[in-house]
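Chemist: With the hints as your guide, set chains B and C onto chain A.
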Amino acid sequence: MRKLVGKGVPKIDGMAIATGKPAYTEDLVVANALVVKILRSPHAFARITFIDVAKAAALKGVECVLTYQDVPKQRFTLAGQSYPEPSPYDRLILDDMVRYVGDEVAIVAAVDERTALAAIDLIQVEYEIFEPVVDFETAIGHPSVVHPEEDLHCNFDIGMKKDQNIVSSQRVESGNVEEELSQCDFVVEETFYTQANAQCMMETYRAFNYLDHMGRLVVVSSTQVPFHAKRMLARALKMPAGKIRVIKPRIGGGFGGKQSSCVEIFTAAVTLKTGKPAILVYDREETFTCTTSRHAMRLKVTLGADKDGYIRVVDIHGLSDTGAYGEHASTVFMVAGEKTLPLYNQTKAVRFMGNVVYTNKMPAGAFRGYGATQGTFALESAVNLLAEKMGVDPAELRLKNIAKEGEPFRGFKGGILESSALNRCIETGKEMIGWAVKYPRRSVSETKVRGIGMAVTMQGSGIANIDTASAEVRLNDNGDFTLLVGSTDMGTGSDTILAQMAAEVLEVSLDQIIVHAADTDVSPFDPGSYASSTTYVTGMAVVRAAQDLKQQILEEGAKFLQVSPEEVAFNGHTVRMTGTDKMISLKKLAERLVVGPVHRQLVGNSTYGSPVSPPPFIAGFAEVEVDKETGKVELLDYVAVVDCGTVINPHLARIQTEGGIVQGIGMALYEDVRVDSKGKLLSNSFMQYKIPCRKDIGTVRVAFKESFEPTGPFGAKSVGEVVINTPAPAIAAAVYNAVGVRITQLPITPEKVFMGLQKNSTRS
Amino acid sequence: MQIEFTLNDQPTVWDVSPDEFLADTLRKHGFLSIRKGCNTSCCGLCTVWIDGKPTLSCTALSFRMQGKSVTTIEGVAEEAAEFARILVAEGAEQCGFCSPGFIMTVLALKHELAAPTEEEIVHYLTGNLCRCTGYMGQMRAVKTYLGVTQR
Amino acid sequence: MFTVGQLVQPDTVEEAYRILTEKKDAAVLGGCAFLRMGSRAIGTAIDLSHLNLEGITEHADSFEIGAMTTFRMLETDSVLNTFFDGLLAEAVKPIIGVQFRHAVTVGATVFSKYGFSDLITALQALDTEVELAHGGRMALEAFLNRPYEKDVLTRLWIRKDGRRAAYQSFRNSASDFPILTTAVSLLAGQGRIVVGARPLKAAIAVQASQELGRMDLNSQRMDEIAALAAGEMTFGANMRGSAEYRRELCKVLVKRAVTEVAACK
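Protein chains in written order, with the working numbering: chain A, 17 to 780; chain B, 472 to 622; chain C, 69 to 333.
One chain only, chain A, in its complex shape (with noise of 0.2 Å):
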């Protein structure tokens, strides 16, 4: 019987930063630190041919202006990857070219932000400006190539060709497309458009450090990778990784954008040179302007199944826009095949392929779903058209076609899919949506129509092969514990989750312990919490490492007794010789090994990585009303129903997943990030780029349908990203169903919809 693990606990840190307690990188900024501020390029793509920072750095209060021609040139990428990273190395600290509106041209540190903003007005700056690549579509073959430099260095072959604006070319297929598709009754095929996304945390990127007494930098950051930003500023400023220390406080959020180290270069930069401490504090605009957004996708898919309603045939063909730098380029796209192709498992041939593509636009990055959702929205749009042409339920194709639990799965290369509660969760949203009775459309005056829909979606938990967490428990003097990680709770309840692991195996309660991370001087190395992963790969090393930690304490307290460890248990509180009064409780046992007599403090440590990336399931839901006037949708509900496996807090999973269902829906109905045809940004502030608000969402609904994973923690995978996936094909399918307008490209506005309707009436 389970104490903790299971248990809707609070999470440990939850009263501190409800109620405004200072636990946020700006709140800790040692005092005395430099205000820096970024002077940026006003061009899609340029090359600095003069700039003179004189004035500026004569400016009373102005510590230090760095240009180009100060700062180490060796390129790196800003993408917080496991080494070596897959991003290509393609962008210098500061560099003479710059390549889209925003891109950083001098580096200025002063006493005050206002001095700081003075001095950047300051300097002078002419630029020899290039036709920039705006349109995605245009980039391959463009005359501009964002990145001419002959020193972009590619850790490995991600089929970069860079004078074609290409950065990575990829083709994954499993049998023969194209005679299986001639096989095919039904064969569908449309092309969708998925728009790039904002992260939009309510804590902006921001990052301060200080030279402590031993010379060493000492970065403290809003990060989801420490020990990633390490290395990165260790290659980028040509210094030992060992000369640096990077520390996480309590992370205002961070959705894959506090995945790419956008911040900490300049600071860093800033100390190095003048030795004082530097703080970097993006604001609103910065953040929307100048850091990462998601990648937006052209994705083509085509679909074959035969006349027995199994879906034969999947073939997307991609291109993904990253934006000026190839953060995160390869990989996102590669996840968005990875993630579609083996959700259906009657398939014969099987096809992903397309290239990523340099334009002169604010980078792309991690987000969220990482490329899962572009992919989803295509494929599970392209499987709703299907069903209709087939003339099948879509529920019914989906669960007549899922890759089930014990069946093979392509996504483990053949091998067993071990845990899924997909089909449960598809028959028990339909119940919650009341599907039977809603589908497809039901009017509901003259003017205005309900309609439902529905997608399903898989990620990974974790990344196969690569990831790799370590954890520590230790025992403490006074009989606690002290759990240490390297993972990176960013408001998830990671933390929490991991005490409630670490709390069940030593069946001690949870305020026996205490968690620790992340700080890269004291925490044991994880990659940090990205690629849902923190759950399942780090809470397996927290789990084996308190096993390992029971173990000892079980040897040690049979050894104060004097009997072998087989004969002992431990209750949390004493260790006791089965069956008789001989005991010693936990408390004394801890005093006599770390103060007292036996001279060994106890420490239970785990190195854990996975061979699989065991995928998460949900089935979505929608019910929509469509204003055939205006055509403006209004979400009314939404189910998910989510398989991530054991659930270890119910209620930190359900925020997870209400949180990630209405970004899918922000997505989906408004977020939008646009630039114009000189490629600024149109969308730079919340006033502009509409993340959802408390009116827009309806009512989300979540219930958890459960499978045993395994490989897991207790059964566990993930739920981090997986939860953002559904809402866009599902609301997409919604609005059709109401009112036979399909919406390829995302967000689905009112104006879209209107213009549909418009056209389906002349052509009716």
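Be a bit skeptical, because a hint or two may be false.
Dumping the calculated DSS-like pairs for lysine-lysine here, alpha-carbon to alpha-carbon at most 25 Å [what the hints assert, rightly or not]:
| # | chain 1 | residue 1 | chain 2 | residue 2 |
| --- | --- | --- | --- | --- |
| 1 | A | K76 | B | K499 |
| 2 | B | K581 | A | K711 |
| 3 | C | K319 | A | K644 |
| 4 | B | K524 | C | K161 |
| 5 | C | K319 | A | K775 |
| 6 | A | K37 | B | K524 |
| 7 | B | K581 | A | K37 |
| 8 | A | K711 | B | K524 |
| 9 | C | K161 | A | K464 |
| 10 | C | K319 | A | K768 |
| 11 | B | K499 | A | K37 |
| 12 | B | K614 | A | K711 |
| 13 | A | K19 | A | K603 |
| 14 | A | K696 | A | K178 |
| 15 | A | K292 | B | K499 |
| 16 | A | K603 | A | K575 |
| 17 | B | K614 | A | K23 |
| 18 | A | K711 | C | K161 |
| 19 | A | K292 | A | K259 |
| 20 | A | K178 | A | K316 |
| 21 | B | K581 | B | K539 |
| 22 | C | K319 | C | K161 |
| 23 | B | K581 | C | K161 |
| 24 | C | K161 | B | K614 |
| 25 | C | K269 | C | K319 |
| 26 | C | K181 | C | K91 |
| 27 | A | K364 | A | K323 |
| 28 | A | K89 | A | K178 |
| 29 | A | K575 | A | K598 |
| 30 | C | K319 | A | K464 |
| 31 | A | K711 | A | K454 |
Keep in mind the hints are simulated off the structure, nothing from the lab.
Modeler: This is chains B and C only, laid out in the frame that chain A set:
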């Protein structure tokens, strides 16, 4: 310039410049619960009360606090904790960055509206953005706090 | 970052106006929601806090609304909202959030003639006058149409003429700027149809307004009026919608607002 005002029930005299906004002034004086999430007066993170009314401290000029009463979450710690416990029990604080401003609006709502409907609650809280929770858990917490029957 | 060199808090409107016109980089501070977004360097900032311009006063035949009155005051004023079918509250309610509406002021909004303004759309449907320190009192319409001129907007005056009114705005996200706004009012055979966020500033649809006042309204007549309004207004495009779409929306919103007003009769 010098302003005299009441901050969390304490008479306070501060020096401010004429182009300084209250959010910055408060943070400068150690009120670190004040968060800024946008530059455009539309996220609600920096919400404090001015004369009891929930207002954007990022948009209120500090000098205008002369003679007024300003309340931050530090000034209503007990009341805030009471709601925070409910919020945290739902898991609906998530990253917590927007929570202080959100809580200040929820408490203001409770003071201003007697027996609000669900629609009135949503309307009152619309100016508080949250990117983590999707709002549903926050709503459950608010309804529990206000004693509004759950649907 | 906007900066202020020197702050003045004049005790009279005349003094405020004098400073504004004498100093070339002087500006009047409103609620500052929009001012703070820019990087304007204001030499002399004029704060009207000492002029007692905050609040709504009911007179025998009008409402007096001070320039420093906030949107939230408009939204919650229990007397004002018993008039004009609560038009002004309806107009400001969708704007961002309670905190924002506590911050932004009527005077700054009207003086700035924002194209996206819900409030200006609604005010134009009423018999509204603008009071300026130098320009004196003039119809809102006249104020909106005159070229920019340095002045201090002190008050709005709205005639309590028993007008029935209705407001419609269309937004995608509920707290977004509107894609289109419309306000319609009707009084003893005098109709007024205002269309705003076109995205050009709000204006009266003159012909449609005349038709509205003319005779009994049935559904077909309302369609005609709506089409007339859509036909006579000019529309533009921005991120939120094309001119073509706005024209179509105009028909729908005007019809809906006219229907509401007609139902009030």
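Chemist: For every hint, state whether the structure bears it out.
Modeler: Results of checking the hints against the structure:
1. A:K76 - B:K499: Between K76 of chain A and K499 of chain B the Cα gap is close to 22 Å, so the pair holds against 25 Å.
2. B:K581 - A:K711: holds, 19 Å
3. C:K319 - A:K644: holds, 13 Å
4. B:K524 - C:K161: Status holds; Cα separation ~16 Å.
5. C:K319 - A:K775: Distance of about 18 Å is within 25 Å: holds.
6. A:K37 - B:K524: This hinted pair holds, its Cα atoms lying about 22 Å apart.
7. B:K581 - A:K37: Holds, because 23 Å separates the two Cα atoms, which is no more than 25 Å.
8. A:K711 - B:K524: holds, 22 Å
9. C:K161 - A:K464: holds, 24 Å
10. C:K319 - A:K768: holds, 18 Å
11. B:K499 - A:K37: Holds. K499 of chain B to K37 of chain A sits at ~15 Å (cutoff 25 Å).
12. B:K614 - A:K711: holds, 16 Å
13. A:K19 - A:K603: holds, 21 Å
14. A:K696 - A:K178: Between K696 of chain A and K178 of chain A the Cα gap is close to 23 Å, so the pair holds against 25 Å.
15. A:K292 - B:K499: holds, 20 Å
16. A:K603 - A:K575: OK: K603 of chain A and K575 of chain A at ~16 Å, within 25 Å.
17. B:K614 - A:K23: holds, 22 Å
18. A:K711 - C:K161: Within the cut-off at roughly 12 Å; holds.
19. A:K292 - A:K259: With Cα atoms ~16 Å apart, K292 of chain A and K259 of chain A stay inside 25 Å; holds.
20. A:K178 - A:K316: Answer holds: K178 of chain A to K316 of chain A is near 24 Å, not above 25 Å.
21. B:K581 - B:K539: Holds: K581 of chain B and K539 of chain B sit about 21 Å apart, inside 25 Å.
22. C:K319 - C:K161: Roughly 23 Å separates the two Cα atoms, so the pair holds.
23. B:K581 - C:K161: Holds. K581 of chain B to K161 of chain C sits at ~19 Å (cutoff 25 Å).
24. C:K161 - B:K614: Judged against 25 Å, a Cα distance of about 22 Å means the pair holds.
25. C:K269 - C:K319: holds, 18 Å
26. C:K181 - C:K91: holds, 23 Å
27. A:K364 - A:K323: OK: K364 of chain A and K323 of chain A at ~15 Å, within 25 Å.
28. A:K89 - A:K178: The given pair, whose Cα atoms are some 20 Å apart, holds under the 25 Å limit.
29. A:K575 - A:K598: Roughly 12 Å separates the two Cα atoms, so the pair holds.
30. C:K319 - A:K464: holds, 17 Å
31. A:K711 - A:K454: holds, 23 Å
Comparing the model with each earlier hint shows no violations; every hint is respected.
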